[in-house]
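Visitor: Let the hints inform the model, and build the full structure from the sequences given.
First to last, the sequence lines map onto chains F and C.
Using this note's numbering, you'd call the opening residue of the first sequence number 1 and step up by one each time.
Using this note's numbering, you'd call the opening residue of the second sequence number 1 and step up by one each time.
Rather than coming from a laboratory, the hints here were simulated on the basis of the structure.
Built from N, CA and C at the ideal position, the CB exists for glycine as well.
Mixed in with the good hints there might be a few duds.
To be verified - In silico SDA-like links for lysine to any residue, alpha-carbon gap of 25 Å or less:
# : chain 1 : residue 1 : chain 2 : residue 2
1 : F       : Lys-267   : C       : Gly-128
2 : F       : Lys-167   : F       : Leu-182
3 : F       : Lys-230   : C       : Asn-7
4 : F       : Lys-766   : C       : Gly-128
5 : C       : Lys-86    : F       : Val-717
6 : F       : Lys-111   : C       : Lys-86
7 : F       : Lys-230   : C       : Glu-28
8 : F       : Lys-613   : F       : Thr-653
Claimed, not checked - Derived list of chain C stretches under chain F, where covered just means 3 residues or more per stretch with a C-beta under 8 Å from a C-beta of chain F:
#  : region
9  : 5 to 15
10 : 18 to 24
11 : 29 to 35
12 : 40 to 46
13 : 65 to 71
14 : 77 to 88
15 : 131 to 137
Said to hold, decoys possible - Some chain C residues judged to face chain F by a derived CB distance under 10 Å, without partners named:
#  : residue
16 : Glu-74
17 : Asn-92
18 : Val-93
19 : Pro-94
20 : Cys-96
21 : Asn-114
22 : Pro-115
23 : Lys-116
24 : Pro-117
25 : Ser-118
26 : His-119
27 : Asp-120
28 : Ile-122
29 : Glu-124
30 : Met-126
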Amino acid sequence: MNFIDNPRKLRGFEKNIRVEKVSRRSILKGLGVTGGFVLAAPVMSRQALAYETGAGKMPHGVVVDPRVFVSVAPDGIVTIVGHRSEMGTGVRTSLPLIVAEEMEADWSRVKVQQAHGDEVKFGNQDTDGSRSTRHYLIPMRQIGASARTMLEQAAAKRWGVPATEVKAVNHEVVHSASGRKLGFGELAADAAKESVPSIESLKLKDPKDFRYLGKGQVGIVDLHDITTGKARYGADVRLPGMKYAVIARPPVTGGKLVKFEPDAALKVPGVEKVMQVRGWPWPSKFQPLGGVAVIARNTGAAIKGRDALKLVWDDGPNGKYESAAYRKELEEASRKPGLVLRQEGDADTALKGADKVIVGEYYIPHLAHVSMEPPVAVADVKGDKAEIWAPVQSPGGTREDVAKTLGIPEANVTVNVTLLGGGFGRKSKCDFALEAALLSKELGAPVKVQWTREDDIHNGFLHTVSVERIEAGLDKSGKVIAWRHRSVAPSIASTFAAGTVHQAPFEIGMGLVDMPFEIANISCENPEAAAHTRIGWFRSVSNIPRAFAVQSMVGEIAQATGRDQKDMLLQLIGSPRIVKPAVKDLWNYGEPFDSYPIDTARLRKVVELVAEKGEWGRKVPKGHGLGIAVHRSFVSYIATIVEVAVDEKGKLTVPRVDTAIDCGTYVNPERIASQIEGAAIMGLSIAKYGEITFKDGKVQQKNFDDFQVVRMDDSPVVTNVYIVPPGPDTPPSGVGEPGVPPFAPALINAIFAATGKRIRSLPIGKQLEA
Amino acid sequence: MIKVKINGQEQSWDGDPDLPLLWFLRDEAGLTGTKYGCGQALCGACTVIVDKEAVRACITSINDVAGREVTTIEGLHPNGDHPVQKAWRQVNVPQCGFCQAGQIMQAAALLMDNPKPSHDQIREAMSGNICRCGCYQRIENAVHLASTGV
Ligand code: FES
Ligand code: FES
Numbered sequence: 001m002n003f004i005d006n007p008r009k010l011r012g013f014e015k016n017i018r019v020e021k022v023s024r025r026s027i028l029k030g031l032g033v034t035g036g037f038v039l040a041a042p043v044m045s046r047q048a049l050a051y052e053t054g055a056g057k058m059p060h061g062v063v064v065d066p067r068v069f070v071s072v073a074p075d076g077i078v079t080i081v082g083h084r085s086e087m088g089t090g091v092r093t094s095l096p097l098i099v100a101e102e103m104e105a106d107w108s109r110v111k112v113q114q115a116h117g118d119e120v121k122f123g124n125q126d127t128d129g130s131r132s133t134r135h136y137l138i139p140m141r142q143i144g145a146s147a148r149t150m151l152e153q154a155a156a157k158r159w160g161v162p163a164t165e166v167k168a169v170n171h172e173v174v175h176s177a178s179g180r181k182l183g184f185g186e187l188a189a190d191a192a193k194e195s196v197p198s199i200e201s202l203k204l205k206d207p208k209d210f211r212y213l214g215k216g217q218v219g220i221v222d223l224h225d226i227t228t229g230k231a232r233y234g235a236d237v238r239l240p241g242m243k244y245a246v247i248a249r250p251p252v253t254g255g256k257l258v259k260f261e262p263d264a265a266l267k268v269p270g271v272e273k274v275m276q277v278r279g280w281p282w283p284s285k286f287q288p289l290g291g292v293a294v295i296a297r298n299t300g301a302a303i304k305g306r307d308a309l310k311l312v313w314d315d316g317p318n319g320k321y322e323s324a325a326y327r328k329e330l331e332e333a334s335r336k337p338g339l340v341l342r343q344e345g346d347a348d349t350a351l352k353g354a355d356k357v358i359v360g361e362y363y364i365p366h367l368a369h370v371s372m373e374p375p376v377a378v379a380d381v382k383g384d385k386a387e388i389w390a391p392v393q394s395p396g397g398t399r400e401d402v403a404k405t406l407g408i409p410e411a412n413v414t415v416n417v418t419l420l421g422g423g424f425g426r427k428s429k430c431d432f433a434l435e436a437a438l439l440s441k442e443l444g445a446p447v448k449v450q451w452t453r454e455d456d457i458h459n460g461f462l463h464t465v466s467v468e469r470i471e472a473g474l475d476k477s478g479k480v481i482a483w484r485h486r487s488v489a490p491s492i493a494s495t496f497a498a499g500t501v502h503q504a505p506f507e508i509g510m511g512l513v514d515m516p517f518e519i520a521n522i523s524c525e526n527p528e529a530a531a532h533t534r535i536g537w538f539r540s541v542s543n544i545p546r547a548f549a550v551q552s553m554v555g556e557i558a559q560a561t562g563r564d565q566k567d568m569l570l571q572l573i574g575s576p577r578i579v580k581p582a583v584k585d586l587w588n589y590g591e592p593f594d595s596y597p598i599d600t601a602r603l604r605k606v607v608e609l610v611a612e613k614g615e616w617g618r619k620v621p622k623g624h625g626l627g628i629a630v631h632r633s634f635v636s637y638i639a640t641i642v643e644v645a646v647d648e649k650g651k652l653t654v655p656r657v658d659t660a661i662d663c664g665t666y667v668n669p670e671r672i673a674s675q676i677e678g679a680a681i682m683g684l685s686i687a688k689y690g691e692i693t694f695k696d697g698k699v700q701q702k703n704f705d706d707f708q709v710v711r712m713d714d715s716p717v718v719t720n721v722y723i724v725p726p727g728p729d730t731p732p733s734g735v736g737e738p739g740v741p742p743f744a745p746a747l748i749n750a751i752f753a754a755t756g757k758r759i760r761s762l763p764i765g766k767q768l769e770a
Numbered sequence: 001m002i003k004v005k006i007n008g009q010e011q012s013w014d015g016d017p018d019l020p021l022l023w024f025l026r027d028e029a030g031l032t033g034t035k036y037g038c039g040q041a042l043c044g045a046c047t048v049i050v051d052k053e054a055v056r057a058c059i060t061s062i063n064d065v066a067g068r069e070v071t072t073i074e075g076l077h078p079n080g081d082h083p084v085q086k087a088w089r090q091v092n093v094p095q096c097g098f099c100q101a102g103q104i105m106q107a108a109a110l111l112m113d114n115p116k117p118s119h120d121q122i123r124e125a126m127s128g129n130i131c132r133c134g135c136y137q138r139i140e141n142a143v144h145l146a147s148t149g150v
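Guide: Written out as structure tokens, the structure is:
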């Protein structure tokens, strides 16, 4: 089984492997070994599928059962369960829409009900890895088709005609021979008595008859509630008798509380109690850091009370973490050989014999997610029962972890999933829900734990920090004959196991070893790097530094040899083919390689499409420049062109962005466009401002003043999105994350075109002002 | 005892007069449409309208609004059909939606002040409101649509 881009599966890894005791090779092997997961109901039949996905290998697999996901009321209202978390991608609309499409339900008579965390019942619920559509397009169609078939069978029985003579059409079943009709509501009770058809027997709709899928005409189900303030996020949950808490946590990862003085806090009006919160030693996956909680009648009082606390911490082993010094360590490591992960030909010899060697050393700092809604959770623990309300990307994992943390059976834990005010990977970690559970248990009352923005920035699970060093060797004709890429970055696995110094397969598989260029001599290496803070998944994960490095290097080669960036890119991609990197157990976003190969024809296609639609090579005003980049991630293919304008003072603006995406078969093009528009803005935030730095082990930034993100006045003026029409049976692939990685390198290549300055270190900050 | 009118209803508070209006609204009055995003007037998630002006509720104390009229997203229009809200739905603005109440209140205040803002004026007026999901292009278009008639 592949390792896993999934926090949950790391459980197996936790149990089986002690990283500090094993050799480098076996770390890589060890991360590939997971066990102990019951695939609840991987009922997908092979015949019914034109392709296979990794869905069945996720914890608890896939459940295809209309009785779990669909109910029809006598008044005809169809309720469809959305079992993934809504954080802005539109998934709470898209997956139920697939069911409605296939069952011929009229969307205006459909209600969506959010599933609580229960993976035995609903199948895997981890909403991350840009997986929902690619894992659930077919299962949701099958669920819809089953429900439709049951309604048809019920109608046929009522009329005493063969089921083959009746047909569900737009919320009713019709018998055209006799002109009879029955609404879904009228058939509901009888249909529920029908047996669930076997998956093999299901007839899926012909895509040409689709009313909703692929059309983009349906708004998200929460649109009205969001615009009227009624939408309920984690922060908005209120229970009778609920207390409000904020927590002072150790400022340094691995630090501990020495002592605290509660008196001043207790004098703040509205503060009711000050209490210690249990912490776990670092690293301990998603367990709370511990600290001191201030309990109050409202959040404002709790925050004011916390400000009045006197706290003494022991900073522990990471108290010296300092970003500038750490960067030097990474740079030095990148200049020496590291663990070889992919080797084709002989890059060493080829580089030595090359006519020209171009070297780029790229730096990408830590980043914080800063989802608009900071972490927050409500818990109500009574005896050996716990109920949680939280904006979590991992409802099933949260349930497991709450049970484990409180020492109660999982069956006694209910996790209610609210809307998420953004997630970006931060809310895959349920530490905030565990804090609420611990506090509620001790208080004997429901409690809300609210993280402030400062907490979010100081105590998160940051994006890694990395140096990506690439050496490209060219022969006399300018052809690239050698490629050596060393990636040095602390691994996410360090949050799970002490002593981790190498990146995990799911990290090296994100743009390092899966590099698609047609080059004879390739070496991809991973020198060691130890972590000094909690590292976690951040939207697009390691693809951010990799795409930045690889696609900047393409620009550098074009620049050094006087070639057009786009032509250079197509030349490097080379012939249309399936790339099979010489990597043992290549991690492919958890997907089978046969369904989701590395297909350079598709990579070329998005470059060509964006070049055509985005008018590559168009004349731009003085001080403007165009840059291009392409990247495959989350098994989708995306190319972006950025037009940048840099004025004499070095102020940078982005008049236009064009992006082409090939994400295979898709459900809702309107939401794809919104994800890509948003990805351009997040990409620009990363490139322009994104940097978390450490001094004395502590994060130096605190809020949106010193950890800036793009605002409307510096956001791209226009972002155009082009979606490649899928071929028949092209498997669906990721959308939420793939838009981010190509943005920064396209921007940096554009800046070079505009100014002649090559930026290798993010963020851009003041580098253009010099 | 501090008295304040919120969405047309008289409310009173005899606790800490320095309590930020944001937490009074959310935790004491149960009006959770107004969001917390930063607490430092940096993100605009908490934007409400006081009399006719957009105000950051996170740095405005309940005492500051004594005797004044506060409008939150819940009170912007009885059916949620304020031109800005309608435009928002027509343009499909939101992603996660968490910043949107603040954005809508800021846009409504802008249009009270300047019914026909130019694109540059929209971009400037809305720049105190962060959308981490990155809906800016659509926000700009929706404000423009609201100003030209939905
Ligand atoms: S919460 Fe008030 S401006 Fe951010
Ligand atoms: S829609 Fe998510 S922060 Fe604006």
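Visitor: Is Lys-613(F) close enough to Thr-653(F), meaning Cα to Cα at most 25 Å?
Guide: Given pair Lys-613(F), Thr-653(F) holds - Cα atoms ~21 Å apart, limit 25 Å.
Visitor: Keeping to a limit of 25 Å between CA atoms, is the pair of Lys-766(F) and Gly-128(C) held or broken?
Guide: Since the Cα atoms of Lys-766(F) and Gly-128(C) sit roughly 22 Å apart, the hinted pair holds (cutoff 25 Å).
Visitor: Report holds or violated for the interface hint on His-119(C), using the least CB-CB distance to chain F and a cut-off of 10 Å.
Guide: At about 9 Å, which falls below the 10 Å cut-off, the nearest Cβ of chain F leaves the hint on His-119(C) intact, so it holds.
Visitor: Please verify that hint: Ser-118(C), Cβ, nearest Cβ of chain F, below 10 Å or not.
Guide: 13 Å, violated
Visitor: Does the structure keep Lys-167(F) and Leu-182(F) at a Cα separation of 25 Å or less?
Guide: Holds. Lys-167(F) to Leu-182(F) sits at ~11 Å (cutoff 25 Å).
Visitor: Given as covered by chain F, does the region 29 to 35 of chain C meet the bar of three residues or more with CB within less than 8 Å?
Guide: With 6 residues closer than 8 Å to chain F, the region 29 to 35 of chain C meets the three-residue bar; holds.
Visitor: Quick check: do three or more residues in the region 77 to 88 of chain C have a beta carbon closer than 8 Å to a beta carbon of chain F?
Guide: With 3 residues close enough to chain F, the hint holds.
Visitor: Identify whether the interface hint at Lys-116(C) stands, where standing means a beta carbon of chain F within less than 10 Å of its own.
Guide: 18 Å, violated
Visitor: At a threshold of 10 Å, is the proposed contact between Pro-94(C) and chain F supported by beta-carbon distances?
Guide: Pro-94(C) check passes; min Cβ-Cβ to chain F is 5 Å, inside 10 Å.
Visitor: Does the closest beta carbon of chain F sit nearer than 10 Å to the beta carbon of Cys-96(C)?
Guide: Where the cut-off is 10 Å and the nearest Cβ of chain F is about 3 Å from Cys-96(C), the hint holds.
Visitor: Using the nearest Cβ pair, does Glu-124(C) come within less than 10 Å of chain F?
Guide: Holds, because the Cβ-Cβ distance from Glu-124(C) to chain F comes to roughly 6 Å (cut-off 10 Å).
Visitor: With a cut-off of 10 Å, does the beta carbon of Pro-115(C) approach a beta carbon of chain F closely enough for the hint to hold?
Guide: 19 Å, violated
Hints 1, 9, 13, 21, 22, 23, 24 and 25 from the earlier list are contradicted by this structure; the remaining hints agree with it.
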